[in-house]
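Those protein sequences? They're chains A and B, same order as listed.
Our numbering applies: residue 1 is where the first sequence begins, and numbers increase by one.
Our numbering applies: residue 1 is where the second sequence begins, and numbers increase by one.
Treat the hints as calculated values from the structure; they're not laboratory data.
Each residue gets a CB set at the ideal place from its N, CA and C atoms; glycine is no exception.
Be careful, since some hints might not be right.
Residues from chain B shown here face chain A by an in silico Cβ test under 10 Å; the list is partial [said to hold, decoys possible]: (1) 192; (2) 194; (3) 233; (4) 235; (5) 236.
Straight-line Cα separation of at most 27 Å, DSS-like style, residue types lysine-lysine; simulated pairs [as the list claims (entries may be wrong)]: (6) A:22 / B:69; (7) B:223 / A:28; (8) B:247 / A:22; (9) B:247 / A:28; (10) A:47 / A:77; (11) A:12 / B:247.
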Amino acid sequence: MTLAITTQLDCKGLACPMPIVKTAQAMKTLRPGERIEVLATDRGALKDFVAWAKATGNRLIEQTQEGEVLHFVLEKKGVTL
Amino acid sequence: MPARVIVLGGGVGGTLAANLISKELGAEAKVTVVDATGMHLYQPGFLYVALDQANALWLTRDERTLLRKQVDLIVDQATMIDAVAQTVTLARSGTLSYDYLVLATGSRLDRDAVPGYADTHDFYSLDGALRLREALRRFEGGRILLGVAGIPYKCPPAPVEFVLMAEEYLRKRGVRENSSVTLLSPLNRAFTIESASKLVQPIFDRRGIGLTTFFNVESVDAKARTVTSLEGETAEYDLLILVPPHKGAAVVMDSGLGDAGGWIPTDRNTLAHTAHERIFAIGDATDLPISKSGSTAHFEAPIVASRIASFIRGTAPKAVYGGRVMCFLETGGGRATSLRFDYAHPPVPPQPSRLWHWAKWIFNRAYWVTVPQGRVG
Chain A
1 MTLAITTQLD CKGLACPMPI VKTAQAMKTL RPGERIEVLA TDRGALKDFV
51 AWAKATGNRL IEQTQEGEVL HFVLEKKGVT L
Chain B
1 MPARVIVLGG GVGGTLAANL ISKELGAEAK VTVVDATGMH LYQPGFLYVA
51 LDQANALWLT RDERTLLRKQ VDLIVDQATM IDAVAQTVTL ARSGTLSYDY
101 LVLATGSRLD RDAVPGYADT HDFYSLDGAL RLREALRRFE GGRILLGVAG
151 IPYKCPPAPV EFVLMAEEYL RKRGVRENSS VTLLSPLNRA FTIESASKLV
201 QPIFDRRGIG LTTFFNVESV DAKARTVTSL EGETAEYDLL ILVPPHKGAA
251 VVMDSGLGDA GGWIPTDRNT LAHTAHERIF AIGDATDLPI SKSGSTAHFE
301 APIVASRIAS FIRGTAPKAV YGGRVMCFLE TGGGRATSLR FDYAHPPVPP
351 QPSRLWHWAK WIFNRAYWVT VPQGRVG
């Protein structure tokens, strides 16, 4: 079963590495399998989220762009409910 | 009657803005600086003190000696700002009224936000730098870790500079062979700016400096001598140095003029408070997504001074801030590089050389007689 997005995080206007740090903080509050949606405008986030997900084992589920706003959906690692 | 300009904070930005407004407007303005200590600190020197390359003497000056004689200095703590009544309340000296207010209130260290912080060291205050210097002098080998415990923090290159300079320090002391030096980076590279990261990575490799990626420090266990990250990793240390979490000034937070972290919502070009046109912000105090550094404050102060002078004279303000920042980055071995950038242009750092090291050294020495007075642009 796929869980709905439980948390939203607005990192628009924040410079690197703030989106990653804020996401890492927010991820702490999630349970395994829960998802977070992150919005960012820092172009560096494109590469950073891919690398971060790979390094931490959390899954990058979705990555889209609308105008200048980058949109990521990440899922906390662990047993999916 | 002269216009009343109050500047809160006697650091780089506040001192320079006050001097420039006074110089520009002469008798048309009464400029008052309010500073809690009356001592001006040259914070870039902390790094050199911690690594035993400089003593603490040259890092402080009496703020009065750096201000034009026409500028008043009140040594007191501002406790409340009323942006509607246009007043500032001080802890001991009553309430002052302003026509224009400059918030150059800097940032505060929030060491208590990290569980176990007491067992760690930092070079983000003079006391911290002196304590770290003692710890390094006694250090006989082991694992040195440097981690970042909160973002944003002052002087983004400082962690990289520290590990590069510490590695050199250990070699000179003859304890490098039984030691390791590791940077715990919040990202997947040594430095936020990619071009600078690419420049320093080969130096890390050549000198055997470790890099642990995506390690945002969350807590310290003093008994076990371990540090744990938000990402859930744990690392063991013998000497742990942290960049402490930073937050905005108490007076900004208490007056409802900042965001959750105490940073002032600031227009990126005019440097005015986004909700109060007669309040401007400079340096660390702003919420702008650029470096918190003396150089940022140095480049912002003339913009704020020029805009305030225009408003007081009733002319249209022309000066705008383009995000200009300039940092030196020491790479050890008497070499350094420089990072120069603005909102539109990312930095292209030159290869580290002796030239930039000497440029930084000269800047450090000449600071007291140039920057606060507005003699270098």
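These are the hints, each one checked on the structure:
1. Because the beta carbon of residue 192 of chain B sits about 5 Å from the nearest beta carbon in chain A, less than 10 Å, this interface hint is met.
2. Annotation: interface hint on residue 194 of chain B holds; nearest CB of chain A at approximately 7 Å, less than 10 Å.
3. Because the closest C-beta pair between residue 233 of chain B and chain A is about 9 Å apart, less than 10 Å, the hint holds.
4. The criterion of a C-beta within 10 Å of any C-beta in chain A is not met by residue 235 of chain B, whose closest approach is roughly 15 Å, and the hint is violated.
5. At its closest, the beta carbon of residue 236 of chain B sits 20 Å from a beta carbon of chain A; the interface hint therefore is violated under the 10 Å criterion.
6. Distance hint between residue 22 of chain A and residue 69 of chain B is unfulfilled; the C-alpha atoms sit about 46 Å from each other, more than 27 Å.
7. Proximity of residue 223 of chain B to residue 28 of chain A is assessed by CA-CA distance (about 24 Å); at most 27 Å being required, the pair is judged to hold.
8. For the hint pairing residue 247 of chain B with residue 22 of chain A, the CA-to-CA distance comes to about 15 Å; that is within 27 Å, so the pair holds.
9. Simply put, residue 247 of chain B and residue 28 of chain A have alpha-carbon atoms about 21 Å apart, close enough for the 27 Å limit, and the pair holds.
10. Under the criterion of a C-alpha separation no larger than 27 Å, the hint pairing residue 47 of chain A with residue 77 of chain A is consistent with the structure, at around 19 Å.
11. Distance hint between residue 12 of chain A and residue 247 of chain B is fulfilled; the C-alpha atoms sit about 20 Å from each other, no more than 27 Å.
Checked against the numbered hints given earlier, this structure breaks hints 4, 5 and 6; the rest are met.
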